[in-house]
Each structure stands twice: as structure tokens, then as C-alpha cells.
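Trainee: Sequence:
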Amino acid sequence: GPEGILYDGYSVRDADGDGADWRGPIQQRFLRSRANTIEGGTSEVMRNILAERVLGLPGDLRADAGMAWKEIPRG
1 GPEGILYDGY SVRDADGDGA DWRGPIQQRF LRSRANTIEG GTSEVMRNIL
51 AERVLGLPGD LRADAGMAWK EIPRG
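Take the sequence shown: its position 13, counted from the start at 1, is 13 in our numbering, and no numbers get skipped.
These are calculated hints, taken from the structure and not from any lab test. Heads up, some of the hints might be wrong.
[To be verified] Beta-carbon label-pair distances, calculated as ranges:
no., residue 1, residue 2, range
1, Ala63, Asn36, 28 to 34 Å
2, Ile72, Gln28, 22 to 28 Å
3, Ile72, Leu50, 24 to 30 Å
Don't be surprised by glycine CBs; every beta carbon is placed ideally from N, CA and C.
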């Protein structure tokens, strides 16, 4: 909603230099928590790409490896 645009960014604020300041408004803390989950997933995807393409490690097992997109069961 409109309250989502009240904050200019999702950066973690460090008030005194010894860690993050989590005393902000609940809305800002919630928005930051959503960004943390997205960032975490991105790191995992990049780790898998590096492992498979750069290091040559085996990829995850895929049941749909030899199937066309339209043949994959859904729902």
C-alpha cells in the first residue's frame, strides 16, 4: 500500500558502528526482512551456478532434464 513508499531504501542502518540499528518503525523492519530473504536466495543461486559452471561439480537432479517445456506436468 501507500505506506510502502514512505522509506527511501532497504539498507540496514548502523547507528553507532557496532551493529545494525533495529529500533526503527515496524514497517521499515518488515520491508528490510523481505529484502533479506531475497538476498539470501540470490546467494544460493549464484553458489549453484559457480559450483556447476566454474568448478564442474554435478548439478541438482532434475526429473525434467530431457523434456520439452510443454510436456512438464503442472498443477
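Trainee: Need the list of violated hint numbers for this structure, in ascending order.
Mentor: Result: hint 2 breaks, nothing else.
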